[in-house]
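Enquirer: Read off the chains here:
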Amino acid sequence: MSRTESLLAVRSLAKSFGAEQVLRSIDLDVPAGTVTTLIGPSGSGKTTLLRCLNGLEVPDAGTVAVAGGPAVDFGGKVSKKTLGELRDRSAMVFQHYNLFPHKTVLENVVEGPVVVQKRPRAEAAADATRLLERVGLAAKRDDFPFSLSGGQQQRVGIVRALALRPKLLLFDEPTSALDAELVGEVLSLMKQLASEGWTMLVATHELQFAREVANEVLFMDGGVIVERGAPAQVLGNPREERTRRFVQRLTDPL
Amino acid sequence: MTGEDLSLVLSSFWPIVSGAITGTIPLALCSFAIGLVLAVVVALMRLSRIRVVSGLARFYISVVRGTPLLVQLFVIFYGLPSIGLLVDPWPSAIAAFSINVGGYAAEIVRAAILSVPKGQWEAAHMIGMSHSVALRRIILPQAARVSVPPLSNTFISLVKDTSLASLILVNELFRTTQEIAAFSGEFMLLYLEAALVYWIICLVLSAVQNGLEKRLDRYVAH
Ligand SMILES: Nc1ncnc2c1ncn2[C@@H]1O[C@H](COP(=O)(O)OP(=O)(O)OP(=O)(O)O)[C@@H](O)[C@H]1O
Ligand SMILES: [Mg+2]
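The listed protein sequences correspond, in order, to chains E and V. Residue numbering for the first sequence follows this note's numbering, beginning at 4 and increasing consecutively. Residue numbering for the second sequence follows this note's numbering, beginning at 153 and increasing consecutively.
Treat the hints loosely; a few may be bogus.
[Unchecked claim] Listed below are the simulated DSS-like cross-link pairs for lysine-lysine, each with C-alpha atoms no more than 30 Å apart in a straight line:
(1) E:K106 to V:K366
(2) E:K143 to V:K270
(3) E:K84 to V:K270
(4) E:K194 to E:K170
(5) E:K143 to E:K83
(6) V:K270 to E:K106
(7) E:K170 to V:K366
[To be verified] If we take Cβ atoms under 10 Å as the criterion, some of the chain V residues that face chain E in the derived model are:
(8) A185
(9) G271
(10) Q272
(11) E274
(12) A276
(13) I279
(14) L368
(15) R370
(16) Y371
Source of the hints: derived by calculation from the structure; they are not laboratory data. Even for Gly, the Cβ is constructed at its ideal location relative to N, Cα and C.
From just these sequences and the hints, can you work out the full model?
Expert: Here it is, written out as structure tokens:
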């Protein structure tokens, strides 16, 4: 796989909370139009890594470059403007959806495009409606989030991310909070996005999704990427003992 | 009750109610509006990461909550003139009540802001909002929902507390009643009548509060 067309390039990224080093020198490339899944035990740093890429957390050191933008070097002082520009290139889907409960489905989706990106409301609403149609939620556009199922809320969460027209989609365990029977509708939407050529970085425990959809799987533990490679290799024939035990535990919990 | 009593109650009813309409209610509304703005500012100051700013807010809240309202009122109306600041009854009363509401409501607003889940800030930042835009469009509307019941209680208390303004010569419900009582000598009857009018006002406010909560509940699951 060529590394020259990286849409996301991360070098030596580090982040500590107090004395706890949560990310230690992470190197990571996601080629344009590919899907990378991030697996690893609880507390291994998956969420923190995604948050650093979206500027929700400011790393202590290292560089991040997204979609041809400048490599932002967190070794020095990073201005709010630079952080904002980095954030604008990606959009995040949260484990707990984090929809705005006081806004309707449509308002949730157009909030960013209209209020932040200053696009005309009518145009943003038309775009949003088209996206909602695609995920089968056009009928819900004037409903409030509480009246939707978890799977529907998460699909709105995905539409809200898409409406920002990002270059990179970040998913933080998008199906972990869902009842088992609702997981499929979200995963199949993500699969569809992958086939349309979206560049995606997905933290997940859904190994089947990783096997079917991912171009590369990264196994994280203790703030480092322990192993990386094609899904068949990392999940089917891991080199590292830690990876093997983790995959074993997820596939056969008993 | 004799016929004489009844006619006194009836003839004094309108003057007392008009004391409410021209005194108690505008006094409470003005003070509450100003106090609420003050409360939001103080709550945000209290949440500030800048130590001096949050310290100032903490000091203000502590003083307001740690001293009697009547004393605050007297300091402004009877105290300030002795340092050359003469303030009329109405502005004095509005100032004292606003400052008082500001202190109590600030804690309510602060708690409401803190009760909004962290994920809401994250989602707001994710879609590109700055801190102040996120606060205005995402956090405060949700905090407002949470703070309606306690703020309604603050307002109802305020309506009753405005009776203290009678002591600095504001012609509101209670001072009107006192004047009629002193003139007629029927203290029991007239003070009971004043109590009844306060009670009716508070019943109406409770009903308004319920309606408001229902309206704001439309986006919350039950
Ligand atoms: N804001 C924070 N303050 C202090 N410690 C934090 C903070 N956020 C995360 N951590 C710590 O960083 C470590 C990594 O957390 P992170 O949430 O990134 O792990 P994760 O791989 O996403 O785990 P999970 O699978 O449970 O979501 C954990 O030990 C966590 O306690
Ligand atoms: Mg996590």
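Enquirer: Does the structure break any of the earlier hints, and which numbers would those be?
Expert: 5, 7, 8
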